[in-house]
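Q: Fit chain B to the supplied structure of chain A, relying on the hints for placement.
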Amino acid sequence: MVLEQGFDQEYETVDLNINMGPQHPSTHGVFRMVLAVDGELVVDVEPVIGYMHRGGEKLSETLDYRQGIGIQDRTDYLGQFNCEQTYCMAAEKLGGFDVPERAEWIRTICVELNRMASHFMFIGAYGTDAGFIGTAFIYGFRERERIQDLFEELTGERLMYSYFRVGGVAWELPNGWTAKVSNLLKELRQGVADFKGLLSENEVFLARTRNVGVISAERAIDYGLSGPMLRACGVPWDLRREEPYSVYPRLEFEIPVGEYGDCYDRYTVRLREIEQSIRIVAQCLEMMPSSGPIMAVNMPRMLRLPVGEVYARTENPRGEYGIYLVSKGGNKPYRLRMRSACFANLSALREMTIGEYIADAVMILGSTDIVLCEVDR
Amino acid sequence: MTNERGGTETPEERAARVQAAKDRAAAAHAARESGQPPPAAQPAVPAQAAAGSPPPVEAAPAPVLDDRPRTASGQVKRDPDAPKLAPPATPEERAARIATAKEAAARAKAAGGTVTARPAAARAEATPDAVAEESAAAAPSDGILRTAKGTIKRDPDAPKLAPPATPEERAARVAAAKATAAAAKERAKSVPEGTASALGKGPAVAAAGPARATGPSTADLAAFRQAYEAVIKPLKSAGEQPLRAVAAARAERAVGRAEFELTPAALATVAAFQEVFAELEIDLLTSPTDPVFVVDKRDIYQVLRACKTHPKLAMNFFRGVTGVDLLDEGIEVVYHLKSLTTRHAVTVKTLLPPDDLVVPSVSNIWRAANWHEREMMEMFGVVCAGHPDPRNLLLDEDLTIHPLLKAHPLQELELRQGVNIF
Numbered sequence: 001m002v003l004e005q006g007f008d009q010e011y012e013t014v015d016l017n018i019n020m021g022p023q024h025p026s027t028h029g030v031f032r033m034v035l036a037v038d039g040e041l042v043v044d045v046e047p048v049i050g051y052m053h054r055g056g057e058k059l060s061e062t063l064d065y066r067q068g069i070g071i072q073d074r075t076d077y078l079g080q081f082n083c084e085q086t087y088c089m090a091a092e093k094l095g096g097f098d099v100p101e102r103a104e105w106i107r108t109i110c111v112e113l114n115r116m117a118s119h120f121m122f123i124g125a126y127g128t129d130a131g132f133i134g135t136a137f138i139y140g141f142r143e144r145e146r147i148q149d150l151f152e153e154l155t156g157e158r159l160m161y162s163y164f165r166v167g168g169v170a171w172e173l174p175n176g177w178t179a180k181v182s183n184l185l186k187e188l189r190q191g192v193a194d195f196k197g198l199l200s201e202n203e204v205f206l207a208r209t210r211n212v213g214v215i216s217a218e219r220a221i222d223y224g225l226s227g228p229m230l231r232a233c234g235v236p237w238d239l240r241r242e243e244p245y246s247v248y249p250r251l252e253f254e255i256p257v258g259e260y261g262d263c264y265d266r267y268t269v270r271l272r273e274i275e276q277s278i279r280i281v282a283q284c285l286e287m288m289p290s291s292g293p294i295m296a297v298n299m300p301r302m303l304r305l306p307v308g309e310v311y312a313r314t315e316n317p318r319g320e321y322g323i324y325l326v327s328k329g330g331n332k333p334y335r336l337r338m339r340s341a342c343f344a345n346l347s348a349l350r351e352m353t354i355g356e357y358i359a360d361a362v363m364i365l366g367s368t369d370i371v372l373c374e375v376d377r
Numbered sequence: 378m379t380n381e382r383g384g385t386e387t388p389e390e391r392a393a394r395v396q397a398a399k400d401r402a403a404a405a406h407a408a409r410e411s412g413q414p415p416p417a418a419q420p421a422v423p424a425q426a427a428a429g430s431p432p433p434v435e436a437a438p439a440p441v442l443d444d445r446p447r448t449a450s451g452q453v454k455r456d457p458d459a460p461k462l463a464p465p466a467t468p469e470e471r472a473a474r475i476a477t478a479k480e481a482a483a484r485a486k487a488a489g490g491t492v493t494a495r496p497a498a499a500r501a502e503a504t505p506d507a508v509a510e511e512s513a514a515a516a517p518s519d520g521i522l523r524t525a526k527g528t529i530k531r532d533p534d535a536p537k538l539a540p541p542a543t544p545e546e547r548a549a550r551v552a553a554a555k556a557t558a559a560a561a562k563e564r565a566k567s568v569p570e571g572t573a574s575a576l577g578k579g580p581a582v583a584a585a586g587p588a589r590a591t592g593p594s595t596a597d598l599a600a601f602r603q604a605y606e607a608v609i610k611p612l613k614s615a616g617e618q619p620l621r622a623v624a625a626a627r628a629e630r631a632v633g634r635a636e637f638e639l640t641p642a643a644l645a646t647v648a649a650f651q652e653v654f655a656e657l658e659i660d661l662l663t664s665p666t667d668p669v670f671v672v673d674k675r676d677i678y679q680v681l682r683a684c685k686t687h688p689k690l691a692m693n694f695f696r697g698v699t700g701v702d703l704l705d706e707g708i709e710v711v712y713h714l715k716s717l718t719t720r721h722a723v724t725v726k727t728l729l730p731p732d733d734l735v736v737p738s739v740s741n742i743w744r745a746a747n748w749h750e751r752e753m754m755e756m757f758g759v760v761c762a763g764h765p766d767p768r769n770l771l772l773d774e775d776l777t778i779h780p781l782l783k784a785h786p787l788q789e790l791e792l793r794q795g796v797n798i799f
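Residue numbers (this note's numbering), protein chains in the order written: chain A, 1 to 377; chain B, 378 to 799.
No lab work stands behind these hints: they were computed from the structure.
Every residue, glycine too, gets a C-beta built ideally from N, C-alpha and C.
Treat the hints loosely; a few may be bogus.
Said to hold, decoys possible - Simulated coverage check for chain A against chain B, where a stretch passes if three residues somewhere in it have a Cβ under 8 Å from a Cβ of chain B:
#, region
1, 50-57
2, 196-202
3, 237-248
4, 307-316
5, 325-338
Unchecked claim - Okay, the calculated beta carbon distance ranges per label pair:
#, chain 1, residue 1, chain 2, residue 2, range
6, A, Pro249, B, Pro765, 40 to 46 Å
7, A, Ile18, B, Thr387, 25 to 31 Å
8, B, Pro730, A, Ile133, 53 to 59 Å
9, A, Arg304, B, Arg720, 49 to 55 Å
10, A, Arg54, B, Ala483, 51 to 57 Å
11, A, Val204, B, Asn741, 58 to 64 Å
12, B, Ala599, A, Tyr77, 39 to 45 Å
13, A, Val297, B, Val395, 57 to 63 Å
14, A, Ala359, B, Thr777, 37 to 43 Å
15, B, Leu644, A, Glu254, 26 to 32 Å
Stated by the list, open to error - Only pairs whose alpha carbons sit at most 30 Å apart, straight line, appear in this in silico DSS-like list of lysine-lysine:
#, chain 1, residue 1, chain 2, residue 2
16, B, Lys689, A, Lys58
17, B, Lys555, B, Lys674
18, A, Lys332, B, Lys674
If we strip away everything but chain B, and leave its shape as in the complex, we get:
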């Protein structure tokens, strides 16, 4: 098949281009992991240089302007602690800022630098703003709990109001709430001069959203953590007990595992499996579809690798891995495997005791396991040892909750988590 794109690129050229890009990506990944800077960027299509313009002068090393942290490509990294500029309020202010930045760029150019010096110069001009923002962020020190956005947090211990019985009662409540809000506004107006006016906004506006520009202050975060420790944590641990009791009662009522008749294909799989792993102790359970093999935790990696590599099994299709929370017994890790060549389909599982929730990662056996294991790790708190990328996949990257554990209540906790969680 010829490539239709533009009619200039032959399949060989295309393959070379793709391979070069993949090599670069692999090198960049390796460099990121080892902490070394990645190799310099290569021209995308080296053949162009030979065809057109004269060979380029050997590139001089990029001038090092200062010791500011830089990205791999030489751009100045933004200082994560530096305050963000507030957006310009008026068109005039915007024009003034642009003019300042241009002047700074011209100065930097004259001094032998490059235009990348612009952000630093602009930041230097912006320091008065930053000071003002910092003081504004610390302004609401009235002892009331606030959210990250600066709105007042509802006291979790406060009793809930019953819904108003009569329209008059409702009107009275609304009026009372309005009066409280007005009083709060008055208090905000009495914030010392200079904190808000430097922002170029009126005091009332600044009071309405003081922390928005800079994010939560450390005081805010401390308050939240305190609230979390006081309210949500005990609730979480209290929620565990009845759930465990209910689960135990259910387990008692269960009459025991049902036996199922295996199909001829499944029996053939069992025979192959037992032949390959004759020297290992593997329990066989039945299910309506696949045979289920229970493997000791110490043997699980060896067994799974043999499932893929042994010619009699050749389970090249990784259907998925997941966990089952068995409460006090621990967490069961369940692998579903299939072979597209020998047609075997099995379920392999192992039990992790609650004090050692570590299982070897199999993402180097099947590439498909990578995402499935990431999902299992975040959902159950199981650690897949040796996983190349153990970040959260579906959940928010900062969350350390494990929602599919039975101890994780479905509603009570999550409703409160909507406010803030660490």
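Same shape as in the complex, but just chain A:
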């Protein structure tokens, strides 16, 4: 109707509110963005979260320290071992349990493999966001499947592992598992090389990610970003190095950082982290004692931690994951708080998205690598 008047006039554009999600393939879960757009330009965005809120903190208050590990698997379903490690570390520090060395090596292998699986998953899904539907996804899933096969052999589960225990790990490695990990590392190196060929220098991918969603280092710190999101801004901040835990002080690895803090840097930082994780796992296989205890000695079957509080934190694939545990002396946490990395990373979405185009909003959201189960807990 308006078009009948011809094209030679200027028209005032009006801001439209667009709901993206909660069921939208680009939102990586149940997540909604309310975009206020002026034409193609995003002038405001409001993230709406909470669809996956299952009350994990409240539930943890009703579960004893062994049962609570299951909640951690379900918090970040792409970094299960990492979350289990944080939870176990919190209880071990409060209870004063010494984890045997072999158990620490086994844990480190598991969490680093898990980090690689998570990053491969991110890169595959991010390639899909950029328009490589299918190709990038299958490349990423191929590598993730290889890692998951080993996890399945180790724990009997494909997703909810529940393998770590307060004081160690649940059982010994199966026969020949370390040899399989050793072989896997070669394939993973090839997988990284594949992605470099597929995405890193791809014209379309560069156009979609470079200079998009830029956030400065100061702003990123102010928003509490952590993990690859913060390192992409050029801040070499990694808890494995800054607040060393487990066996990380004995390992050699680099901390990849970005330069511009845009989507492309977030992608390359994660890709280079995979290479570093491969390095770490190779060192672990070399330095790990071939036998020894895997559980702390004289652990009570029913844990009652002393009265006190602890904030344990680890470097998860998505950033700093923290467990704030308050004990009143019972066999269950009096209060358990999970500091989610994605929660803080997502809170900067508005800052990164305003002024970009709608299509880039998808790329920016993808680059935060959110797991909505961890955001909402």
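A: Just chain B now, kept in the frame of chain A:
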């Protein structure tokens, strides 16, 4: 780094575009808070006008057609009280509606208006439907409690049936339930003529979902509120007592807070902290990781601001804030802070008495605090005074429950809340 997008936009242009959008968003936010209409929309890329077509004629002020409420961009706001149109039942009905709307638009255009007059005209045509819907919503007045969707609510006081012992008993029960349902259907058919037929549907269909089109009626809401007051509220307060008793017993059994040895890094943090806050009374507790400082509630904002700004502390990384429900003592608010420059890591906490659950918001010190505080407010009922956006974050926006309080039972209440909650 040059911008690859299209090769036309230089980094400076891009920065200007982003800045313009951010300014606009900030202005719109400020306007929304002060209640003023936001500034008129600017053309997205002003440079285009200079490059291409002749300069546009100065835009005439938008014609004000009537006094209907309008959005900032001039679109007519939908009247929230106006009844919604039922979706067309048949393709013919749909075609007829479209034709009516088009006629109305043409009339409005001829009268000098714009096409935005369409919704009002269409609504005027739809009034018979609206009347019918209103009467249909009031139809189920048989004294039975109903949910918002119009289905019959289970009486919460009714005793639960034991599971059927034998297959025969089960069959008998099924038959009895079917007979009851058939009787209810018959009753629905006797609803006065005109209430349902105007909807273009059969009476039975209307009886199956009478309130669906309009949402819960006021009668329904009143019934629910009554049920809530009668059933759920006493249950909630009754649930508090044993929980408190259990928690108290547990606290008695506890032998007292354990002491932990602080690491050298933590001791350095303690020294820095005590130097900066020499004149304040701050208790030091130990934990296996960070030192824990207990600050008086009156000093908490001052202390936290100094944590960020004082060069010896420079805690620029806000890890999070959360609460711990200590029952009769009140609620403890716990901040986890970290410095990326001085490497200090501390836990700062303060106790809010149960009758004054207010703590100053620190979201103007760290942007990261915004969401963490919103989460704490909804989960514990703590008020962060001065928070710019104190809406619920994870919970439904209308919920006023505080699930992480110890008085909030995990199962009994929530199972009932699945039905409806205010």
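Q: Check each numbered hint against the structure and report the violated ones by number, ascending.
A: The structure conflicts with hints 2, 9, 11, 16, 17, although it agrees with all the remaining ones.
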